[in-house]
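Model the placement of chain B on the given structure of chain A, informed by the hints.
Listed below, chain by chain, are the residues.
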Amino acid sequence: MKIQNLIISTLSFYMILISASCTDDGISPREYPRLETLEVTNISESGATFNAKIFHPGNQKILEYGFVWGWYRYDPDLGSNRVFLTETLTKEEFSSNITTTLYKNQNYNVRAFIKTEEYTVYGNSMPFKSLGSKGAIIDDFFPKKGTWGDTIQITGKNFSYLSVYNKIFFKDVKSKVISSTDSIIKCIVPDGISGKTVPIYLDLAGQKTYAKEEFELLIPVTASF
Amino acid sequence: MEKRKILVLIITFIFFQNIFSQSDYRKGFIITKENDTINGFIDYREGDKNYTSFNFRTSEKLNHTTYNSKQVKAYGFVNDKFYESKIIPSSTKTTENAFYEELVKEKASINNLKDGFYVNEDDKKIYKIPNELKEIANSTKKIEYAFFEVLVRGKASLYKFKDAYYVEKDDNKMYKLSNEIKGEIHENGRIYQIKSNRYIGILLFLFSDCSEIKKKINNLELRERSLTNIVEQYNNCVGSPSISYKESKPWFKTHFGLILGASSSKLNFYSDYKEVEYLTKGFDGSNSIMPGLYFDFLSPRIHERVAFHISIFYLSSKFVSFSTVESISSIYRNDVTIELDQLKFPMGIKYTFLEKNFAPYFNLGFSYTYFLKASSLWIQERERNNIVTTFINNDLNIGNSHIGFWGGVGFKKSIVNGLNGFLEIRYERTTGDFTFPISIVKRIENSIVNFQLLVGISF
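First to last, the sequence lines map onto chains A and B.
1 is the number of the first residue of the first sequence in my numbering; add one for each residue after it.
1 is the number of the first residue of the second sequence in my numbering; add one for each residue after it.
FYI, nobody ran anything at the bench for these hints, they're computed from the structure.
The structure presented is a predicted model; accordingly, all values stated were derived computationally and were not measured.
Glycine is no exception: its CB is placed at the ideal position from the N, C-alpha and C atoms.
Possibly wrong hints are sitting among the right ones.
Said to hold, decoys possible - Below, simulated DMTMM-like cross-link-like pairs (lysine to aspartate or glutamate); rule was C-alpha separation at most 20 Å, straight line:
no., chain 1, residue 1, chain 2, residue 2
1, A, 171, A, 118
2, B, 281, B, 433
3, A, 61, B, 383
4, A, 115, B, 383
5, B, 27, B, 46
Claimed, not checked - Far from chain A by the CB rule (all over 10 Å, computed), these chain B residues:
no., residue
6, 31
7, 48
8, 178
9, 219
10, 224
11, 252
12, 310
13, 351
14, 379
15, 446
What the hints assert, rightly or not - The calculated label-pair distances, taken between Cβ atoms and stated as ranges, are:
no., chain 1, residue 1, chain 2, residue 2, range
16, B, 277, A, 105, 52 to 60 Å
17, B, 275, A, 64, 30 to 38 Å
18, A, 196, B, 387, 45 to 53 Å
19, A, 188, B, 275, 29 to 37 Å
Same shape as in the complex, but just chain A:
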């Protein structure tokens, strides 16, 4: 009888121990989603794939999400190069193939981000070394003709959000870019170009992309004086 009591006492004691130290799966709750930037994959001369994982969804509606990246010395934010993803998040992980804005042999940091109604959440910085990227695509520009100082709007894909990255040239003369999104660049027709038509191209991370048509330069004519 004594032995049975001892066994029961011991087992009871152990059950108390187990129950007293029970834990959940190790995730402490937050209102905002929590995310981790994962290793960059598929790094090639054509670009790279950015990856992220949401390890806690939070309880707020996700408005925007994507990646931001920049030089490796800095933690990038929404003022850096970025990509917004439009697909509705259904899985814990999301990715994006980046084929532009990446210089060859340049070290970068990338971070995933999520914007909710109340918070902007950045994942951790993930460093990687780029092997380069493809150029952007110019679909069109408008107006097709103009003169020095006019503003031209270029439409296309895979432009940088940062104007400093989008180097627009009229023939060999660099234009001043006044605003950029990933699909629209607004720039000024530079002084010093000449000729009836002038080719326009975008130099983005060392990759040149030409517009299909050339810009027709209207030279002012002096009617009288």
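Showing chain B alone in chain A's frame:
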């Protein structure tokens, strides 16, 4: 945590109260002063108590009687230990003193001696009796009796008294086999002890009539096993019958067992630095299943209840911590996860109280833990103006091993012949290296405390 400690104390108290209230009576016998043998049951104990007294009862249902070395001539267990009452010889006697002692023993008093002188009838020499010896002689307390364990009986007999061994030839004087430290040599910063090897000289002298074992004596260790063997060999050599009372008990035995344990582990860090506050704020406990096996190595012929114990366990622990630190402009939320896949090697001494159907035991020793895999992850989120920035850090370096101590109490119970089941609770505390390569805090004090419940079978 305090509740746990109280519970452990209560269980330990109940456990030991249960153990100490039991005795281990085995079949035995006593030989009275009148050379009568009485069979009965004797409480089987290990330790120095056996040399002074024993508990005897003629029937398992009767109360016991305690006998000392003056009351009986000898006692023993069936096919096991045998003790004989003998006078304790003084260990540091000159020849002269030895002579006086014999004198005292024979006469029990030297009051009849005149003027402090005594003439020995054998050598016709006159001995001066020192004053202190007179006092000794007048006091019968000096002649002390004790039970000596008879390891070998024959022309040459071997006795054990506490930690000392004695040899006797032809039922004459008992010689203590000793190996005193005579001095020390300091050489190259080391200290070397010079030992007397007196026991070798005594054995060479006593066994000089058997040249076959001379070489073995020269290389003999002062241990029960080697002494028993050499005395047995001597008796064989001179054609004398020899009895080794514990012959049926093996010199070496191994027990093997399989264990399935459960461990409740707690990881603690200790530091006054703010930089590592995310570690010192405390981790949740980790509960894991812990399979393993163990070996007990024992020498039943020397100590039936004492074994060298070593276990091997696999334990996977995950420790999680969450803490919040607030500053004027920001809130820092810290999640730390430390995962350890461990191979544990607790080793130590196991003492079994009773070798019966129900055998309680305790064990304690030191523990070595090798980390098969050790990883740490610290996720810090800084919230400032509703912008949350995540930092992931895993630069806490975890050394590949921990060391510590452990202790446990348990019992084993016979299931079928040769197969035992056992239940044990253990406490273990280990510590090791947790370091930071890039921090002002290079190393942080730590401990892992494990409460373990072990269930298993042993062969």
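Do the hints match the structure? See the list:
1. Restraint check: the Cα-Cα separation between residue 171 of chain A and residue 118 of chain A comes to about 47 Å, which exceeds 20 Å; the hinted pair is violated.
2. With a C-alpha separation of about 19 Å, the suggested pairing of residue 281 of chain B with residue 433 of chain B holds against the 20 Å cut-off.
3. A threshold of 20 Å between alpha carbons decides the hint, and for residue 61 of chain A with residue 383 of chain B the separation of about 18 Å falls inside it, so the pair holds.
4. Distance check on the hinted pair: residue 115 of chain A and residue 383 of chain B sit about 14 Å apart at the alpha-carbon level, within 20 Å; holds.
5. Straight-line distance between C-alpha atoms of residue 27 of chain B and residue 46 of chain B comes to about 16 Å, which keeps the hinted pair within the 20 Å bound.
6. Chain A leaves residue 31 of chain B outside its interface by the beta-carbon criterion, the shortest separation being 36 Å against a cut-off of 10 Å.
7. Separation of residue 48 of chain B from chain A is adequate, the least Cβ-Cβ distance of about 29 Å exceeding the 10 Å criterion.
8. The beta carbon of residue 178 of chain B sits about 45 Å from the closest Cβ of chain A, which is more than 10 Å, so the claim that it is off the interface holds.
9. Every CB of chain A is more than 10 Å from the CB of residue 219 of chain B (nearest about 49 Å), matching its label as outside the interface.
10. Separation of residue 224 of chain B from chain A is adequate, the least Cβ-Cβ distance of about 35 Å exceeding the 10 Å criterion.
11. Every beta carbon of chain A lies more than 10 Å from that of residue 252 of chain B, the smallest distance being close to 31 Å; the non-interface claim holds.
12. No Cβ of chain A approaches the Cβ of residue 310 of chain B within 10 Å, the least distance being about 23 Å, so the stated non-interface status holds.
13. Even its closest Cβ contact with chain A, about 18 Å, leaves residue 351 of chain B beyond 10 Å, as expected for a residue assigned away from the interface.
14. Distance check on residue 379 of chain B: its Cβ comes as close as 8 Å (rounded) to a Cβ of chain A, failing to clear the 10 Å threshold; non-interface status is violated.
15. Taking the minimum C-beta to C-beta distance to chain A, about 18 Å, the non-interface status of residue 446 of chain B holds against the 10 Å cut.
16. One distance hint, 52 to 60 Å for the beta-carbon pair residue 277 of chain B and residue 105 of chain A, is violated here, with the actual separation near 40 Å.
17. A C-beta distance of roughly 35 Å is found between residue 275 of chain B and residue 64 of chain A, which places it inside the suggested range of 30 to 38 Å.
18. The supplied range of 45 to 53 Å is met by residue 196 of chain A and residue 387 of chain B, whose beta-carbon atoms lie about 52 Å from each other.
19. Under the hint 29 to 37 Å, the C-beta atoms of residue 188 of chain A and residue 275 of chain B, about 52 Å apart, miss the expected range.
The structure is inconsistent with the numbered hints 1, 14, 16 and 19, although it conforms to all the rest.
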